[in-house]
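Since the structure of chain A is already known, use the hints to place chain B on it.
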Amino acid sequence: QIVLTQSPALMSASPGEKVTMTCSASSSVSYMYWYQQKPRSSPKPWIYLTSNLASGVPARFSGSGSGSSYSLTISSMEAEDAATYYCQQWSTNPLTFGAGTKLELK
Amino acid sequence: QVQLQQSGAELVRPGASVTLSCKASGYTFTDYEMHWVKQTPVHGLEWLGAIDPETGGTAYNQKFKDKATLTADKSSSTAYMELRSLTSEDSAVYYCTREANGNFDYWGQGTTLTVSS
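Protein sequence lines, in the order shown, are assigned to chains A and B.
Taking the working numbering, the leading residue of the first sequence gets 1, the next gets one more, and so forth.
Taking the working numbering, the leading residue of the second sequence gets 1001, the next gets one more, and so forth.
In short, the hints are calculated from the structure, not lab data.
Keep in mind that the hints are not guaranteed to be accurate.
To be verified - The following residues of chain A were derived to be distant from chain B, with all beta-carbon distances above 10 Å:
| no. | residue |
| --- | --- |
| 1 | PRO8 |
| 2 | SER12 |
| 3 | THR20 |
| 4 | ALA59 |
| 5 | SER64 |
| 6 | THR73 |
| 7 | LYS106 |
Stated by the list, open to error - Reference excerpt, derived from the structure (chain A facing chain B, CB under 7 Å, subset only):
| no. | residue |
| --- | --- |
| 8 | PRO39 |
| 9 | SER42 |
| 10 | PHE61 |
| 11 | TRP90 |
| 12 | ALA99 |
Idealized CB from N, CA, C, for every residue including glycine.
Chain A on its own, in the form it takes in the complex (with noise of 0.2 Å):
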């Protein structure tokens, strides 16, 4: 099965500040999702076929990448970012996730 690698697995970033994440797969896959969680709540789809934001997610999101490397960046960090950060990949079976990253606010 493809393994999802996030990293950092936890991190911290002041108000404005600029952030990214990364996703990196054991093998090329064609697109990668990211899902936002926050605690005690279901994952909530955040970006689609690698760079398009899901319905009501702020511009400042945005997501990239190609083959085994893919990324999620916010232009400008805002409280309301606090929360985890899972990949999805669906290109082999299984279908696989990343263990998330965990963004805090500083």
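Only chain B this time, still in chain A's reference frame:
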């Protein structure tokens, strides 16, 4: 609006079976595959499998093939997942989630399963 309403928390004895449900509303149930995802602190998010409600066709993660059985009832727009031979390793939050072109665009609120004697 699209909603996926999952059944309530379960406390089950080891060795038993349990069936979790996920009632869909706000869209045509048979137009989208329904997936099930397990979440634990140790293993994070794990995909168990998916069902096409129209055909009943299923796809499973090999890891859970002997653990989970997915079914769907078109008449009630409800998806089900049976988990059998439960152990403490099955204690988790289980989510149903609708798939649209590879993206999980709607999620249930989750069902907490606790396996304990």
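| request: Quick one: which hint numbers does this structure break? Sort them smallest to largest. | output: 8 and 10
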